[in-house]
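Here the protein sequences line up with chains G and Y, keeping their order. Using the working numbering, read the first sequence as starting at 19 and increasing by one per residue. Using the working numbering, read the second sequence as starting at 19 and increasing by one per residue.
You may find that some hints are simply not true.
A pair counts as met if it fits within one copy or between any two copies, since identical chains are not told apart.
[As the list claims (entries may be wrong)] Computed list of lysine to aspartate or glutamate pairs in EDC-like fashion (alpha-carbon distance at most 16 Å, straight line):
| hint | residue 1 | residue 2 |
| --- | --- | --- |
| 1 | 44 | 91 |
| 2 | 209 | 366 |
| 3 | 44 | 276 |
| 4 | 334 | 184 |
| 5 | 368 | 397 |
| 6 | 48 | 136 |
| 7 | 79 | 65 |
| 8 | 334 | 411 |
These aren't lab readings, by the way, just hints derived from the structure by calculation.
There are 2 protein chains.
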Amino acid sequence: MAEPFPYHFSRRIRATPRSFIREILKVTEKPDIISFAGGLPSPEFLDSAGVARATEEVLRKEGCSALQYSTTEGCLPLRRWIAERYAARYSLEVSPEEILITNGSQQTLDLVARILLDEGDPVGIEAPGYLGAIQAFSQSMPRFCPVPLERGGPDVAAFARVIEEDHPVFFYGIPNSQNPSGITYTEGRRKELATLLDGTETMVVEDDAYGEIRFNGRAIRPLKCDLPERTVLCGTFSKIVAPGLRLGWMCAPEEIIEQAVTAKQASDLHTSIFSQLVLARYLEHQDIDAHIREITRAYAARCGLMVSLMEERFPKEVTFTRPNGGMFVWLTLPEGASSMELWRRAMEEKVAILPGTPFYTDGDGDRGVRLNFSNADPEKIRTGIGRLADVLERYLGSIA
Amino acid sequence: MAEPFPYHFSRRIRATPRSFIREILKVTEKPDIISFAGGLPSPEFLDSAGVARATEEVLRKEGCSALQYSTTEGCLPLRRWIAERYAARYSLEVSPEEILITNGSQQTLDLVARILLDEGDPVGIEAPGYLGAIQAFSQSMPRFCPVPLERGGPDVAAFARVIEEDHPVFFYGIPNSQNPSGITYTEGRRKELATLLDGTETMVVEDDAYGEIRFNGRAIRPLKCDLPERTVLCGTFSKIVAPGLRLGWMCAPEEIIEQAVTAKQASDLHTSIFSQLVLARYLEHQDIDAHIREITRAYAARCGLMVSLMEERFPKEVTFTRPNGGMFVWLTLPEGASSMELWRRAMEEKVAILPGTPFYTDGDGDRGVRLNFSNADPEKIRTGIGRLADVLERYLGSIA
Chain G
19 MAEPFPYHFS RRIRATPRSF IREILKVTEK PDIISFAGGL PSPEFLDSAG
69 VARATEEVLR KEGCSALQYS TTEGCLPLRR WIAERYAARY SLEVSPEEIL
119 ITNGSQQTLD LVARILLDEG DPVGIEAPGY LGAIQAFSQS MPRFCPVPLE
169 RGGPDVAAFA RVIEEDHPVF FYGIPNSQNP SGITYTEGRR KELATLLDGT
219 ETMVVEDDAY GEIRFNGRAI RPLKCDLPER TVLCGTFSKI VAPGLRLGWM
269 CAPEEIIEQA VTAKQASDLH TSIFSQLVLA RYLEHQDIDA HIREITRAYA
319 ARCGLMVSLM EERFPKEVTF TRPNGGMFVW LTLPEGASSM ELWRRAMEEK
369 VAILPGTPFY TDGDGDRGVR LNFSNADPEK IRTGIGRLAD VLERYLGSIA
Chain Y
19 MAEPFPYHFS RRIRATPRSF IREILKVTEK PDIISFAGGL PSPEFLDSAG
69 VARATEEVLR KEGCSALQYS TTEGCLPLRR WIAERYAARY SLEVSPEEIL
119 ITNGSQQTLD LVARILLDEG DPVGIEAPGY LGAIQAFSQS MPRFCPVPLE
169 RGGPDVAAFA RVIEEDHPVF FYGIPNSQNP SGITYTEGRR KELATLLDGT
219 ETMVVEDDAY GEIRFNGRAI RPLKCDLPER TVLCGTFSKI VAPGLRLGWM
269 CAPEEIIEQA VTAKQASDLH TSIFSQLVLA RYLEHQDIDA HIREITRAYA
319 ARCGLMVSLM EERFPKEVTF TRPNGGMFVW LTLPEGASSM ELWRRAMEEK
369 VAILPGTPFY TDGDGDRGVR LNFSNADPEK IRTGIGRLAD VLERYLGSIA
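Required output: the full structure, derived from the provided sequences and hints.
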């Protein structure tokens, strides 16, 4: 028999963690499992009728130009819409030339890594941090410098130490309703971080995936407003319209966009113009603010229900965040407990959670658990949190 | 005034050439220019009515699952269609598990680079070679080892020398109607290359973007048939359905696909499920073979017209290929002439060509010119080649 062909894979692909979420999702996709493990929007807010109307109109009016090659930068009406939204929402003035359309914000993170990171470069990141970002950046084999999150945002002393001692190329964070923790940086904390960054050469990669999904109070302005030149702002239509279209963006100074365009040309030439035109038309006809209010109201109710059930039913040693937006709540188990073991036990009771380790770059996090509240309906939240409460009680009892 | 923020870009983005084609296209997009510079399909074969019908049906039947997050591997019906097409067209047996859906074949090339190349790794490539591939691979900063193309495919002696002396990680080529040369490797040449590769550790990245666009004679089997384990086959729907959908694929052994899935997760999670389902439905209803016959007939006629006009009108010192498929013909100017100067002079007469240098990794190629025959209609081909003949005569006369 012939020898099998010896494949030699690159160092950087060997350095890239497979997404634990996606691996877990495969196990949890069975219909009898109640899953809090994923990060999916609720299906009833995916407006297939609206998208159908927009598509029909695009193909009727634009015809074959919706199917031809297009520009790397992305379609101008969509870039204009984003610029106008920033102005309206955050009083942030940017031009369409400062916006690049991407295949969802995961690609924005990938492009950031390509244009800013070389092997061994230091990168500041929240702990826990978004695992999609950890994956995207890992392909450049950087050196991660974690900054612990506390209730109001990154720990200021730790942040200052990382900036001063490690001189990271950039700090990556999600100031609004962070994934996985659900934490929102306070206005004061944002000011402190901006002050610490001023005068340094550290950039900011600010991921605002959840800024539109805010349960109450007014929106807090992005770090980009205080640090416009050094901030790359990442946005997405996945949470407010539909993830299946794969449409997100990068908003950054033109010097950055220019490099990102070169990287995107080399990556995939451009984002589907078909999807872009459909979305642009959809946004033109749709009352998107009303749609976002509907989503927000539903997610706020689910989050409130989940948190109140946990307050009622969970052992007191388990602590958790009280998110004011987004899609996730973060649990911390008591000393000695392991989220991997909890995951295993919960699966036996047909409820899926996400263990915390993949959100840490240093192997930490085994006492953390991420729960998603956007995808399961109230009935499932009731049943699922009930099961999880029982599992937790038995598990913590067994190790006490 | 404050100092501007000092951006530090990565070494690899600085090593990536901007696409000369896209830069040139910006200049040539004016309506009064006859352009042979691009590589666009002819607009009349972009079936917006068919895509509209498919979309309507997808959104009616699949509803919101067409708009939700999906799998990185891509939708199964599409992967099955591709596998069945390989079996029917080339008697090549692959399973859907050996196929990964990508955002067009440019992403396939990018994923290949990510999983196989580290800095400084040797890569064999045709000279002239496809500039999109040069761009994609450049981000890994490899060492390019060019192999000159001759009428029947890569020069065998040069190929043997590169394989033996440089031990490239892979050889990248387009055996059918190559971009930019229009050359198709003969069956005999393919066998010789396969024999030379056997027993080495060099892989093959076989780009079959134009295999379906063949003007006459039967299809020649891909190198993948002789070297299944070591070949990554790249395909695309851009030439036979629509480039604006950005849908292509990688076909490779499962060990390779597994790594590519990790790289794609980190790049953009997955390809638009909306576009994938629309395309799958389109292929189900459409007589795609009849559609491809129509495209092929039209491109064959345009190519024939362009070549016969060049035979009639061009100075005899200008030689060119006689393509049997694809979208491009390659000119070689006589000693002492420069395609950049020809480009400048042609632009003055409102006809756009593509100079040869960006297709070479070693600065060579200034006597080469790529002309596209798929996008301009016969009337424009007549006028454009007429103008180009006049420009050539004057230019070559001036340097004789």
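Evaluated hints:
1. 44 - 91: between (34 Å within a copy, 12 Å between copies)
2. 209 - 366: neither (46 Å within a copy, 55 Å between copies)
3. 44 - 276: between (38 Å within a copy, 15 Å between copies)
4. 334 - 184: neither (38 Å within a copy, 65 Å between copies)
5. 368 - 397: within (15 Å within a copy, 67 Å between copies)
6. 48 - 136: neither (41 Å within a copy, 39 Å between copies)
7. 79 - 65: The answer is between: 14 Å across copies meets 16 Å, while 21 Å in one copy does not.
8. 334 - 411: within (10 Å within a copy, 88 Å between copies)
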